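Full structure from sequences and hints, please.
Here the protein sequences line up with chains H and V, keeping their order.
The numbering of the first sequence is the working numbering, which starts it at 1 and goes up by one.
The numbering of the second sequence is the working numbering, which starts it at 1 and goes up by one.
Hints should not be assumed to be uniformly reliable.
Partial chain H-side listing against chain V, Cβ under 7 Å, derived [unchecked claim]: (1) Cys40; (2) Ala66; (3) Phe122.
Label pairs and their calculated CB-CB ranges [unchecked claim]: (4) H:Asn2 x V:Lys237: 37 to 43 Å; (5) H:Glu101 x V:Asp146: 46 to 52 Å; (6) V:Ala304 x H:Ser109: 52 to 58 Å; (7) V:Gly318 x H:Asp15: 16 to 22 Å; (8) V:Asn297 x H:Asp15: 48 to 54 Å; (9) H:Asn2 x V:Glu67: 30 to 36 Å; (10) V:Lys104 x H:Gly81: 55 to 61 Å; (11) V:Tyr17 x H:Glu101: 56 to 62 Å; (12) H:Glu101 x V:Glu254: 39 to 45 Å.
Derived by calculation from the structure, the hints in this document are not laboratory data.
Note that this is a predicted model, so its numbers are computed, not measured.
Every residue gets a Cβ at the ideal spot worked out from N, C-alpha and C, and that includes glycine.
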Amino acid sequence: MNPETKDLYQEMILDHYKKPRNFLRLSQPSHKADGHNPLCGDKVTIFLNLENGMIQDIAFQGSGCAISTASASMMTEQLKGKTLPEAEILFQHFHNLLTHENADASRESLGKLKVFEGVREFPMRVKCATLAWHTLKAAQDNQEQPISTEKT
Amino acid sequence: MSSPYKKDFPILHQTVYGKPLVYLDSAASTQKPSVMIDRLSNFLKTDYANIHRGVYKLSQKSTELYEKARKNVQHFIHAAEPSEIVFVRGTTEAINLIAQTFGKMRVHEGDEVLISGMEHHSNIVPWQILCDEKKATLKIIPILEDGTLDMHAFAALMSEKTKLVSVVHVSNALGTVNPVEKIIHMAHERSIPVVVDGAQSAAHLPIDVQRMDCDFFVFSGHKVYGPTGVGVLYGKKSHLKAMPVYQGGGEMIESVTFEKTTYKQAPEKFEAGTPDIMGAVALSASLDYVREIGIQNIMEHETALLAYAHEQLNKISGLRVIGTAAEKSGVISFVLDDAHPHDIATIVDREGIAVRAGNHCAQPVMERFGVPATTRASFGLYNDQEDADALVKAILRVQEIFK
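Listed below in structure tokens is the structure:
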């Protein structure tokens with residue numbers, strides 16, 4: 001396997017793909033949104049229990065590639081117990097890590113999520129990694145009415 | 001056994017991440033032979049000018065070459081007359097043109113348009129738009145488990161309400177070769193006209209529109225080893241004559257006053273504005289190249305290669321081919337138990353192999369077979385068994401990573 005591929009498909013990502021965490025429905029979510037990348041067939045639904053601006057519980061369902069699944073899994077792990085502003089900052093850092101040359105600051109604050117840095121070498125896969133995050137945003141932003149989000 | 005034609009395609013002689021490029025995405029677009037590239041370059045260096053209007057020498061030369069290209073297409077698909085060949089941008093534009101002119105004439109409220117469940121979006125959406133406009137109904141001929149058309153269902157779906165049938169010749173997602181002559185015969189028995197989408201067949205099977213007796217046949221230049229931006233709409237003379245105009249502008253008019261404008265006959269009637277002159281000339285060179293090799297030879301080479309690839313892929317446990325018709329052309333779509341097409345395509349890319357992952361602009365097909373996406377390897381005349389072997393090796397590598 002060449003080094004970049006090894007970076008992208010490293011053990012942690014494969015582990016989260018084969019055994020995704022928080023891969024369930026919440027029975028009474030306060031927010032929910034669907035994310036879909038019709039170009040490649042990745043589908044994700046994010047369930048949230050938001051209380052007083054804090055993510056009490058978060059889970060996901062869906063089917064997709066290793067990158068999108070692992071990303072959703074690790075995102076839900078990281079965000080449990082975080083406030084919405086904290087989640088937003090993490091998303092900015094995550095996006096930065098995947099798309100910008102100088103991502104040192106971002107890398108530091110991301111904890112486990114920094115394993116996705118390898119996606120930078122695969123620009124066509126960035127949308128896979130960010131799908132869950134964009135869907136999460138959609139879940140938040142539509143506090144009254146969770147909607148279906150289609151990403152292209 | 002190497003393909004003798006690989007050397008004709010300069011782009012194929014490169015390495016990708018240090019590995020030789022193995023191009024298995026001809027269904028998305030074919031690569032271009034040197035003769036076409038050179039012909040295009042020479043045309044632009046010596047003969048190019050706008051066509052039809054100029055009195056000067058260059059324009060005359062350019063016009064001759066453009067019209068020669070039209071005749072070349074006519075002969076390539078065995079049409080009766082060059083005036084039955086309209087140059088358009090591609091298959092998608094051709095189908096939209098037919099839907100918005102012929103379709104508008106023939107389809108009215110309460111009528112039905114029949115397409116199949118294996119169509120590319122370009123042979124679905126224009127008909128949806130037409131049916132919406134006209135308050136007509138779009139009906140779908142179902143696909144069987146092996147990816148073939150349910151011909152019994154097709155027969156049952158046709159009624160006096162059916163005003164048009166549009167089907168793909170070769171499915172870009174499944175590889176199925178549809179029995180178009182039979183379909184056309186059955187439709188014509190009930191006076192229903194048939195549009196055949198030849199995007200995936202024109203480069204791989206001999207096309208004879210007169211023997212097929214299709215009312216329309218459409219295909220794209222860039223899938224027949226030609227340039228992007230040019231495609232062909234073939235229509236029977238009587239249809240083209242009766243159809244209203246599509247785009248208005250220069251070239252397609254006889255005379256223009258603010259009170260009244262009169263139009264030319266086909267094909268000019270449907271070629272508004274300056275056409276893709278370079279595209280037509282380059283396409284003509286590509287068709288010459290294909291004709292020189294012989295479409296029959298190409299078909300035999302590709303049929304053998306496809307059979308070999310199927311055989312090798314079927315040996316891989318956990319791999320399922322989607323689309324197992326007895327008669328297939330050019331395309332193998334598959335899914336792997338443990339890995340998503342996107343991941344497969346990324347990993348094999350790093351081995352130098354170009355395949356496509358996704359829904360191949362055929363979301364309904366994916367839904368029919370219960371898969372979110374497939375990985376698709378598709379062959380052109382420059383592919384050979386070595387390419388198939390490289391693909392197999394790369395898939396096994398994917399399985400190692402994902403086991």
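A quick look at each hint next to the structure:
1. Cys40: Where the cut-off is 7 Å and the nearest Cβ of chain V is about 5 Å from cysteine 40 of chain H, the hint holds.
2. Ala66: holds (5 Å)
3. Phe122: holds (6 Å)
4. H:Asn2 x V:Lys237: 37 to 43 Å: violated (57 Å)
5. H:Glu101 x V:Asp146: 46 to 52 Å: Distance hint for glutamate 101 of chain H, aspartate 146 of chain V holds at roughly 50 Å.
6. V:Ala304 x H:Ser109: 52 to 58 Å: holds (57 Å)
7. V:Gly318 x H:Asp15: 16 to 22 Å: holds (20 Å)
8. V:Asn297 x H:Asp15: 48 to 54 Å: Holds, since asparagine 297 of chain V and aspartate 15 of chain H (Cβ atoms, about 50 Å apart) stay within the stated range.
9. H:Asn2 x V:Glu67: 30 to 36 Å: Once the Cβ atoms are compared, 51 Å apart, the range 30 to 36 Å for glutamate 67 of chain V and asparagine 2 of chain H is violated.
10. V:Lys104 x H:Gly81: 55 to 61 Å: holds (60 Å)
11. V:Tyr17 x H:Glu101: 56 to 62 Å: For glutamate 101 of chain H against tyrosine 17 of chain V, whose Cβ atoms are near 21 Å apart, the range 56 to 62 Å is violated.
12. H:Glu101 x V:Glu254: 39 to 45 Å: At roughly 59 Å between Cβ atoms, glutamate 254 of chain V and glutamate 101 of chain H fall outside 39 to 45 Å, so the hint is violated.
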